[in-house]
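Visitor: With the hints as a guide, bring both chains together as one complex.
From first to last, the protein sequence lines are chains R and B.
Read left to right, the first sequence gives residues 1 to 96 (the working numbering).
Read left to right, the second sequence gives residues 1 to 484 (the working numbering).
Do not rely on the hints blindly, as some may be mistaken.
[Said to hold, decoys possible] Chain B is faced by these chain R residues, among others (derived, beta-carbon under 8 Å):
id, residue
1, V11
2, E18
3, V34
4, A53
5, A55
6, K78
7, N86
[Stated by the list, open to error] Only pairs whose alpha carbons sit at most 25 Å apart, straight line, appear in this in silico SDA-like list of lysine to any residue:
id, chain 1, residue 1, chain 2, residue 2
8, B, K88, R, N20
9, R, K92, B, N92
10, B, K88, R, P81
11, B, K134, R, Y37
12, B, K259, R, Y37
13, B, K134, B, L482
14, B, K227, R, R63
15, B, K374, R, A43
16, R, K78, B, K389
17, B, K88, B, A313
18, B, K389, B, E282
19, B, K374, B, L458
20, R, K92, B, F93
21, R, K78, B, F49
If you're looking for bench data, these hints aren't it; they were derived computationally from the structure.
Nothing here was measured: the structure is a model prediction, and the numbers come from that model.
All C-beta atoms, glycine included, are put in the ideal place defined by N, C-alpha and C.
Next come the chains, spelled out residue by residue.
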Amino acid sequence: MSNPSLDVRDVARLARIELNDAEVATFQEQLGRVLGYVEQLNALDVSGVEPTAHANPVFNVLRVDESRAGLDRRDALKNAPRVANNLVVVTKVIDQ
Amino acid sequence: MNDLSTLTVHELQAGFRRGDFTPLEALESLENAISSRDPQIGAYLSRDFETARAAAASADILLPLGGVPIAIKDAINVQGEPCRCASKMLENFISPYDATVISKLRAAGAIPFGRLNMDEFAMGSSTENSAFQKTRNPWDTGRIPGGSSGGSAASVASRTAFASLGSDTGGSIRQPAALCGVVGLKPSYGRVSRYGLVAFASSLDQIGPLARTTRDCASLMNILAGKDSRDSTSLDLPAEDFTAALGRDLRGVKLGIPKEYFVDGMDTRVRSRVEAAIAHCESQGAELIEVSLPHTAYAVGVYYIIATAEASANLARFDGVRYGHRADHPRDLLDHYMRSREEGFGSEVKRRIILGTYVLSSGYYDAYYLRAQKVRTLIRRDFEQAFEKVDALVCPTSPDLAFRIGERTDDPLRMYLADIFTIATNLAGICGLSVPCGFVEENGRSLPVGMQFLGRALDETRLLGIADAYERSCGLDFARALPK
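This is chain B alone, in the form it adopts within the complex (with noise of 0.2 Å):
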């Protein structure tokens, strides 16, 4: 039997369809991709073959996504799974229902398959604030994967997945897609159901696919989107292929280049494969123009009052009652719930959930929380301003490359900007994709950068157009590029 899981979803489906090998002997591919890879790289918590296998055994070729297993991160609910988000408060949690993503990857026969690790309670740029265990990034195990989705990278990355779901507060599918070197798409907030997402900051979480390549991504959208009952945010809007523009190239594309993305104190090595891409795109016809969001230098500050407000009142249903950790013995109602969260968050969650309290507090709720949503409407003008005169911008998706497991975790600040080039997107509500469009050779490891394609709300289907132009025009086969 020939190694499957080098394959795309697209190459996957289409030898499914040509009868060269089952949705059973796929999964058997990934199986033992996941026992040989997997222990070096630690993106899966856990996986349940059985369930999966009885799924592909009896699986219909002929469903959109029919036989192909998604893996999942570990906040989206899988009924009968374990829905833990890399926290010990949720460490003997099963999911008793399915989110609506997992519904209808169901319904187009598609197999939720494992639980990726994450971030706890996806706050993080590294996986390295799971409770569980260290993720570690395929093209150099001794360096991080990004985060909040880590794990749906680290997979992707390693050929330990076919394509995943993760989730996008401030940059959590995409910052880990670019240091991993996959494709990973953030939707336009609305688009895709939160319902079975737990939630951390409710105006900013997002839902999206990660995939090798942009295809992959955009045939998973179309099974995502759609308006829900169970989400009230959710949008309403009419059916969409989101492979629709696929296949064309870049000539006559309006590809905006915000001077504040390429910043002082990026590294440079990233800084010149972005750029070289950049001019890539523009022998294949596309239009540089140079645009302003004079807003930038704002949003990490906006994000880090909004996020941790937001987190602060989403992660106070965990009280030890219904669910959750419960410490023993409590002498009271306050003591039971005070050590139940101290003992079952982490660091990290706890610093956030502080922070959120005090900027939504009495006396300082002006200064902090009603500034920053002020703000955020300055941010969303930028990018309204900008969309006026680009179809999409251009930029890094991450100042930095990987960095080394360990390097930042005692400086949280240091940590929260390594998300500066992908949180105002969720600020203002649009969409993004990363894409891989180069390497940096360090200490005889190739790492990977990636590149941002940023479009208006509710224009995935253009943004993918424009990312799979880049993709199959730049010359490097990213869906086969491997680690060593």
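If we strip away everything but chain R, and leave its shape as in the complex, we get (with noise of 0.2 Å):
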């Protein structure tokens, strides 16, 4: 089962991630599949119902503003696949 308004291959480029073609076909049929059970949903009134974003209603946690210890420079970088002069390299965002 597919679904309409699911056009796999655009969301995929919205979410960065490149497909190939049989797996594009694979998940619009497994995905509009999904979101056919998910419509059930729609069986239920919900008008005047309030959105549940969290868990525990915990607002504005706050704590005393100091510095603390963050990572060491050597640490964080680790793990950075390019790394030059002690910095994260990153893919050139610019045309020349």
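Guide: This is the structure:
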């Protein structure tokens, strides 16, 4: 079952995931069925119901504004795929 | 030297304090158990015996968990150890820091040890979504151990861990605990700091213990729980002794039986074992009260909208820049992102990120995400109303026995429905515990069945007391029951 409003290739691009044609076809079918299943929520009347965003109603958690030691620069860079001069190397963003 | 690997945490600590054996000897027993049994089970992704031995040699056995090795799900950061979330995305990642639960375990004298297999980024119900290896159910190695904390449950069941940590977003501690015949607790949301747990769905995730007895889970909770300034969702509550209600009986305990959790389509053998266990509770003096959670049927749908939406945002951090997999020779930044994520993530993770992105996208947000959040409110209210009448709810943990490896991998929706009895707990933020309640014989194998007790938010002490009373009176010595 497919879902006409779901365009997997387009959403995958929004999510920054490259997919091959086979994956697009498989996901289109599988996610169509999941969305079909989720349609059952439309049977409920939710007018006037407050949405729950979080399990606990905790607001404005504050702490004393004091500096704390963070990760050591060397440790923070250890897992970076590309490093030079103690900095993370990123892929070029601006065209020349 | 006796094999110590079959002892519970409680027995291990008693042995240390009597001087019967040392933490180093206990660790050596574990090493032997892992060498002989884990090749068939595959619970561990890696283990560092040398560091653990050094910690065991200098352990202070008078501390609350002094000298006790605790095995850790691969989603929880332990400084200097790999933390790969069973994903190629993090194949080379070494944790630069300890999660708060790990700092707490160390302070209590415990020895965090080993990395346990899981579904990639905790997305799955069978541990088949690990990028690195399959984990097999110790009771029948042709079957899955459950998931996503499959390694956490399989290690405890196969006596290659005394206890372990898992994480539970929609049942990922309780369902594998049930399918492997061990005890697993999902604490109430906010009980345990999530700092250092790789985030999947932040409004649902919670770290919790798996062990061979309820008592051991309670002892671990005494260490794990508490406010942490590094996790603003952790709750600031007075210190609590989670072992305080152990050793009691079931007289006068009001147990609610949610009728929606006994449905057509579940394995009738699972149902009959759980019903027999509930009847046993009644024979021990519990009062049984039928209750209704009318929105139960919507929980899976709500979950797969909310959890995937949160996951799509949380997993946006894996961009191949500061850490994680980076594609070779990107043409430009977009190509860098798209190929790094294509190569690093497995199918289920991609599927969920795409679904989550879709339900949050412009034009669909109200129809899916906002509606799901409203139905989440209705599910919470169901529980609030039920808990006005009862002390705890009792129901099956999983509708099925452990299924065969490969049986559901092509059918995500069917896999999602494996969590039908555990998901609502996370949506409501309450606590839940799975305890073994019987076996089903199939093809000459005994497969464990789990029973779930659900409690009010922050009512873990009572919940643990009820489960402990059941466990001690049920006549099945699960702490001793060993897979063949």
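Visitor: Run the distance test for K88(B) versus A313(B): straight-line Cα separation, threshold 25 Å.
Guide: Judged against 25 Å, a Cα distance of about 19 Å means the pair holds.
Visitor: For a C-alpha distance cap of 25 Å, please report whether K92(R) and F93(B) respect it.
Guide: holds (24 Å)
Visitor: Does K78(R) pair with F49(B) here, judged by a C-alpha cut-off of 25 Å?
Guide: holds (23 Å)
Visitor: Between K88(B) and N20(R), does the CA-CA distance stay at or below 25 Å?
Guide: Between K88(B) and N20(R) the Cα gap is close to 18 Å, so the pair holds against 25 Å.
Visitor: Under the criterion that the straight-line Cα-Cα distance not exceed 25 Å, is the pair K134(B), Y37(R) satisfied?
Guide: Measuring from Cα to Cα gives roughly 29 Å; hence the hint is violated.
Visitor: What's the verdict on K92(R) and N92(B), does the C-alpha distance respect the 25 Å limit or exceed it?
Guide: Given pair K92(R), N92(B) holds - Cα atoms ~24 Å apart, limit 25 Å.
Visitor: Is K259(B) close enough to Y37(R), meaning Cα to Cα at most 25 Å?
Guide: holds (22 Å)
Visitor: Does the structure keep K78(R) and K389(B) at a Cα separation of 25 Å or less?
Guide: Judged against 25 Å, a Cα distance of about 54 Å means the pair is violated.
Visitor: For the hint on V11(R), just tell me whether its beta-carbon gets within less than 8 Å of chain B.
Guide: holds (5 Å)
Visitor: For the hint on A53(R), just tell me whether its beta-carbon gets within less than 8 Å of chain B.
Guide: holds (6 Å)
Visitor: A55(R) was flagged as interface toward chain B. Is the shortest Cβ-Cβ separation under 8 Å?
Guide: holds (3 Å)
Visitor: Are the Cα atoms of K88(B) and P81(R) separated by 25 Å or less?
Guide: Status holds; Cα separation ~13 Å.
In terms of the numbered hints stated before, the structure departs from hints 7, 11, 16, listed from lowest to highest.
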